Structures are given as C-alpha cells and as structure tokens.
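*Asks:* So for the first sequence, my numbering puts the first residue at 266; every next one is plus one.
Everything labelled a hint here was simulated from the structure, so no lab data went into it. Do not take every clue at face value.
[Stated by the list, open to error] Here are the simulated SDA-like cross-link-like pairs (lysine to any residue), alpha carbons at most 20 angstroms apart as the crow flies:
| # | residue 1 | residue 2 |
| --- | --- | --- |
| 1 | Lys-325 | Pro-297 |
| 2 | Lys-268 | Leu-319 |
| 3 | Lys-670 | Gln-696 |
| 4 | Lys-698 | Tyr-785 |
| 5 | Lys-325 | Val-299 |
| 6 | Lys-749 | Pro-328 |
| 7 | Lys-644 | Glu-697 |
| 8 | Lys-268 | Ile-745 |
| 9 | Lys-698 | Gly-669 |
| 10 | Lys-749 | Arg-361 |
| 11 | Lys-750 | Ala-820 |
| 12 | Lys-268 | Asp-380 |
| 13 | Lys-572 | Gly-559 |
| 14 | Lys-750 | Asp-733 |
| 15 | Lys-694 | Pro-831 |
| 16 | Lys-749 | Leu-319 |
| 17 | Lys-749 | Ala-779 |
| 18 | Lys-694 | Ala-521 |
| 19 | Lys-750 | Thr-725 |
| 20 | Lys-750 | Gln-269 |
| 21 | Lys-670 | Thr-824 |
| 22 | Lys-268 | Gly-764 |
| 23 | Lys-572 | Tyr-585 |
| 24 | Lys-533 | Glu-598 |
| 25 | Lys-750 | Ala-370 |
| 26 | Lys-533 | Gln-512 |
| 27 | Lys-644 | Arg-680 |
| 28 | Lys-749 | His-782 |
| 29 | Lys-694 | Arg-490 |
Just so it is clear, the structure is predicted and the values come from calculations on it, not from any experiment.
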Amino acid sequence: MIKQQLIRVTVEAVQACRAAGVLALPEEAPLPPVEIDAPRDPRFGDYATNVAMLLAPLIKTPPRQVAESIVRSLRIEDGSPIRSAEVAGPGFINFRLDPGFLGAALREMVRQGEDFGRSNVGRGERVLVEFVSANPNGPITVAHGRGGAVGDAVASLHDWTGYRALREFYINDATNSLQMQTFARSVFARYRQLLGHDDRVPEDGYPGEYLIDIARAILERDGARYENLPPDEAVPLFQDLATHGMQAQQEAALGAFGIVFDTWYSEKTLHAAGAVEATLAELQQRGHAYEQAGALWLRSTAFGDDKDRVLVRADGSATYIAGDLAYHRTKLERADRLINVWGADHHGYVGRTKAGLAALGFDSDRLDILIYQLVRLLKDGQEFKVGKRAGNIVTLEELLEEVGKDAARFFFLMRSADTPLDFDMDLAKRQEKDNPVYYAQYAHARCCSVVARAREAGVTVPGGDTPDTDLTLLTRPEEIALIKKLADLPEEVRQAAAGCTPHRIPRYVLDLAALFHGYYDQGNRDAALRFVRPDDPSLTRARLLLVLGVRTVLANALTVLGVSAPERMTRDDE
RNA sequence: GCGCCUGUAGCUCAGCGGAUAGAGCGUCUGCCUCCGGAGCAGAAGGCCACAGGUUCGAGUCCUGUCAGGCGCGCCA
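Construct the entire structure; sequences and hints are all you get.
*Replies:* Below is the structure:
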C-alpha cells in the first residue's frame, strides 16, 4: 500500500516533467512501469526507484539528470507520503517517508482487518484452477499433496486479487484400459476375501491395503450379492463400484487437508454427452486432423508440438488426448483463463495440450500450466521409497496423521514449485523454532497473548477506527521496520498470484515473524521496550495497534496458505 | 539423441536487470526474578557450476559446455 502511493506520486512527477517539456518524452509514448523497492542499505532511505535509469536511454539524457528533473517535480506537501527525495548512485531516486504517513498506513491495515491484503487487479475475471486430478485407482499420495497445496494456494491467491477462482478436480474415470480392469479385479478379490474365500489379488494387480477399505465399503453397503458373479460380469461392475469408492476416499483425504473442490469433473460424462466426438469433428472441420493407417491423427506439429498425436485408434477408441482436449474446451467455456497444476512427470504433455487448443482455434495463452517438481520423503534422514504397485505408497492421510495439516501445507508451499521437495517428516513434527510452521504460528499466538495480557492489565485495546491513538509514538527502528513489512502484504499477494509463485508467502510470513520475535524479545531484557507499559498508556496503545497489525497480517497470510493461525500454541504432551 | 526443470555458504533453499548476494539448519559465543525461551543477539562461512555475449549495470537475460532430476506410447 505504501509502494502504491509512492508509485502514484512518482508517475505524477514524471508526467509533470513531460507536460512541462523538461524531459523530451513524446506525449503518447508509454512510460516504463515505475517500480519501488526497499533498498538493502538503510542509508539509501526507506524506498527507491530506478525509473530515471529506465527513462534515460529513451530520451538520451544522463540518468542522474533525469532523476534530478523528476525529484524537482515531486510534490512534497502536507499529506504526501514523502518527506524527502534525493538522487543517488547511478540515478536512483531515494525516498524518505513522512513518519505520520506510516502511522496512517498502520491504522488503515488494522481497520481493513481480515480483508487487508486483498486487491482487485483481477476485476472479476474467472480463473479455473485444475489440480490433483489423481487417477481413481489409488489413494491421494504425498506427491498429490504438493499439487493440492499448490493448486489450492494459487486459487486462493487469485481470490485475494479479485479473480473468481474455480477449483476443479478432473476424474479420469472413462478409461477402458487394462489398468482399470486389473484394479477392478483386485478389488473384487478383496471383496471375496472378506466373505471368506481364498481369492488372490492378481499377480500384476494392486496389493495396497486401501483396496480392502473399498471392498469393505462395498460389502457394507450392498452386502454379499456380488459374491458369486462370474468374472466377466464382476469386472465391469466392480470397475464402477471401485472407482466410486476410490473417489470417496480421495475426497475425504483432500477434505482433511482442507481442500474443497467446486467441481469434480467426470471424464465419463464428457464422452456420454458427445463432447469428445464434437471436439474431433471440430478438429477435422478445421483441417487439423487426418487419417493414416486407420487412425485419426492431430496435426499438432503445425502448432509447435514435436510430433503428431493419435486421436482415435484404428479400433475406433479415443485416446486420452482426445478426451483431454474436449475437457479443456469445456473449461474454456466456463472460465476466462485456465491454470493446470501438473507434476513434473507430466511436463511432456504441455506441448500437445497447447497445440490441441490452438488447433481448436483457442488462444493457447489462456492456459497456463504450472509444473511442480516431485516430492521425496525423508524419515530418520533416509529417503522413503514410494510406489503404487510396490504397495508401500505413503498416502496424504498417513502424512497428515504424522505431521498435521498445517505443517504439511506449509512445507509443501515453502519451496518454489521448480525445486524438488525434500519433505523432512521429523522436522515437520518438531515443535521448536527449527520448524518454520511453528515459528510462524507462534508469532501469531504471541500477538494474541500480548493483547490478552493488555486486557488483563485493564488497557483499552485500540482498533483501526480509534483516532485517539497517537501513532507518532512509534519511532523506534524496529517499529518502523515492522510497519513497512506489514504494508507489503497486498503487493506480496499480487506478485504471488501473478507469477503463480505461492512460495513467496511463506517466505514473507517467516520474515515478518522474525522481525516480530526480535522486537518482542528485546522487551525481555529491557522493560521499556515491552508492548504493554502500565506506566505509559499512550505508548501502550500505539504499540498494541502495531501488534494488532502484525496479528492481522500473519493471520491473513496464513489463511491464504490454508494454514491455521492459532491464538495459543498447545504442545502435544500437554 | 530430443524436450522441460535445477546447479548460489558445509546442508536445505530465497533472490521481478540495479547500490556491499540473503535466510534457516549445522558449527562457535552469549541471553529466561519472562508481555509463554515453541524465543532472541552475535561470530564464522561465497571465483552465485564453467566459458563467452547483450547492457550504464548480470546470480538474474542470450548462446555454448559440464553435472543432476524428470519426461519423451495408438498408457491414463
């Protein structure tokens, strides 16, 4: 919010220069975007911009001279966020803030409360985020967990920036593949085992324990009526029963992780509604499909793919990509922009999907595909090998039992999606400052604790709308630094949304928590630095407002991540 | 062989073309008559894989090389 204000006054100054003919900028030429940064070195003021250096080559004027002109046009008056501005280095403009302005900013943050951090850059645009989309023949794994945490956070970030986010799970339930038949046979075997038969799970089948749960659910609901079905009847039936059972399990696991999808979109219904045929017809009509060797091919090489792809096999059955293109078509009818969150093992499908959409006449830029690298589980310092067929998958539910929802979410979101994730389960369980999620949550709990303490001491806790609090009393460097950090939240959220980089938020949260813990601890060695100062009610109120600001920002940032912001921390052993 | 991702402190990682490259862990020194120590302060530790290029300015952009991960089905 502070940066936005500085950008505004800077742009006004540049425009004033242009209007006055001081800078030889053509009337119509677009100005380079003005960016405001907080310099590392405090000697360079509170904020700085490099806009003069960006303008200099355009108008063939030395950057420092451009900067001087802009500074002279800055309007520094009552109510301006700036107290002073100076030219430095190769042409930076360094700003020093008006102290009163920071107080006003803090008051506004607290007033906005749980809405602080929201913005409206999206202007109501619909963004459909498709994520997880696990096959219906296995449980949600930790790898899906990462996709889930990332997808949900990306959707939240868009909600917070004025988009309308839709969370969608695509169910690959239409498969007639061998894989699904094997899956059905495996569940059928488990079902008969529960009835006392000595059936065995097929050699190439699925040995996982979760199949027993599905079989049991079927048994409990429908009884023993399928006990003696011949295999050729049992397999198609169980494919259906097992798929639905699996989906219910997946939904429960994701629910426990705090993820609720707006839609579970079934591939099967797509085929049933004729959407796949319609898509194929469209491709043929547009001349981007051709027949060869009995199969129907998509000429995806015409749209940047490295080879053409089969859409319909010689036996008449549609391939996965045919269904997937039909699916993307429905998504594009329901949203302005699409974001797919895929694991790294699917990155090879980016080219053909975008090519297919282009062949259908869509602007393929409407689809962004966010690839996240895979997850390695570490336990006792050892890698935990995971595999579906091996039967030793670690499910998301098991991980949640071990480390809890908050730690799992935070850990999944802490690293850039581009980086493979080593998930250290021992660290995630630890209840100390080593564990970043506890560190962050503790900062929030401490804020609550301070406020509670103040109430006990009989202090009237201020709010954002209580003008009697004198915030000019907040003059210590720690206090200034905290307020400036708090003010960054909306910008952090915007950047994280725009770049689909949710990992910025945990970073930000940890930075803020560190600033707060640092200041808090000084009160332990110097009573004058405590938030609650019974001898000085005015200062107490001012500092409490700062604490409320920290609490608000931590709570909001954690909410975006799907991590809870507890009012007090309770140990497992308490 | 081709494509995508990655290479930054001992380890795990941040770092939208800007000023002296940051954090956590680990190591070493300190801090509880406390607004909850689930915390804090300080120290040490870097040819940002390598070589070229673009730029007033490159960890960041481009090209090449090397190393690691993943993927290259008429599977889903």
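*Asks:* Confirm or reject each hint.
*Replies:* Hint check:
1. A C-alpha spacing of about 15 angstroms is found between Lys-325 and Pro-297, which places the hinted pair at or below 20 angstroms, so the restraint holds.
2. Taken as a hint, the Lys-268 and Leu-319 pair is honoured in the structure, with Cα atoms around 18 angstroms apart against an allowance of 20 angstroms.
3. Taken as a hint, the Lys-670 and Gln-696 pair is honoured in the structure, with Cα atoms around 14 angstroms apart against an allowance of 20 angstroms.
4. The hinted pair formed by Lys-698 and Tyr-785 meets the criterion: a straight-line CA distance of about 15 angstroms does not exceed 20 angstroms.
5. Straight-line distance between C-alpha atoms of Lys-325 and Val-299 comes to about 19 angstroms, which keeps the hinted pair within the 20 angstroms bound.
6. Taking the CA atoms of Lys-749 and Pro-328, the gap is about 28 angstroms. The hint is violated against a cut of 20 angstroms.
7. Taking the CA atoms of Lys-644 and Glu-697, the gap is near 18 angstroms; set against the 20 angstroms cutoff, the hint holds.
8. For the suggested pair Lys-268 and Ile-745, the alpha carbons sit about 15 angstroms apart, so the restraint of at most 20 angstroms is met.
9. Taking the CA atoms of Lys-698 and Gly-669, the gap is near 17 angstroms; set against the 20 angstroms cutoff, the hint holds.
10. Proposed proximity of Lys-749 and Arg-361 is supported: the alpha carbons are some 12 angstroms apart, at most 20 angstroms.
11. With a C-alpha separation of about 14 angstroms, the suggested pairing of Lys-750 with Ala-820 holds against the 20 angstroms cut-off.
12. A threshold of 20 angstroms between alpha carbons decides the hint, and for Lys-268 with Asp-380 the separation of about 18 angstroms falls inside it, so the pair holds.
13. Simply put, Lys-572 and Gly-559 have alpha-carbon atoms about 18 angstroms apart, close enough for the 20 angstroms limit, and the pair holds.
14. Proposed proximity of Lys-750 and Asp-733 is contradicted: the alpha carbons are some 24 angstroms apart, above 20 angstroms.
15. Only pairs whose Cα atoms come within 20 angstroms are accepted, and Lys-694 paired with Pro-831 is accepted, the gap being roughly 17 angstroms.
16. Restraint check for Lys-749 and Leu-319: not satisfied, since their Cα atoms lie roughly 26 angstroms apart, outside the 20 angstroms limit.
17. Taken as a hint, the Lys-749 and Ala-779 pair is honoured in the structure, with Cα atoms around 14 angstroms apart against an allowance of 20 angstroms.
18. At most 20 angstroms may separate the alpha-carbon atoms for a hinted pair to count; Lys-694 and Ala-521 meet this at roughly 18 angstroms.
19. For the hint linking Lys-750 to Thr-725, the alpha-carbon distance of about 26 angstroms lies beyond 20 angstroms, and the restraint is violated.
20. Taking the CA atoms of Lys-750 and Gln-269, the gap is about 14 angstroms. The hint holds against a cut of 20 angstroms.
21. Proposed proximity of Lys-670 and Thr-824 is supported: the alpha carbons are some 13 angstroms apart, at most 20 angstroms.
22. A distance of roughly 19 angstroms separates the Cα atoms of Lys-268 and Gly-764; the hinted pair therefore holds under the 20 angstroms criterion.
23. Taking the CA atoms of Lys-572 and Tyr-585, the gap is near 16 angstroms; set against the 20 angstroms cutoff, the hint holds.
24. Only pairs whose Cα atoms come within 20 angstroms are accepted, and Lys-533 paired with Glu-598 is accepted, the gap being roughly 18 angstroms.
25. For the proposed pair Lys-750 and Ala-370, the alpha carbon gap of about 11 angstroms is at most 20 angstroms, so the pair holds.
26. Proximity of Lys-533 to Gln-512 is assessed by CA-CA distance (about 14 angstroms); at most 20 angstroms being required, the pair is judged to hold.
27. The hinted pair formed by Lys-644 and Arg-680 meets the criterion: a straight-line CA distance of about 19 angstroms does not exceed 20 angstroms.
28. Restraint check: the Cα-Cα separation between Lys-749 and His-782 comes to about 16 angstroms, which is no more than 20 angstroms; the hinted pair holds.
29. Of the pairs offered as hints, the one joining Lys-694 and Arg-490 is violated, with about 45 angstroms between alpha carbons and a cut-off of 20 angstroms exceeded.
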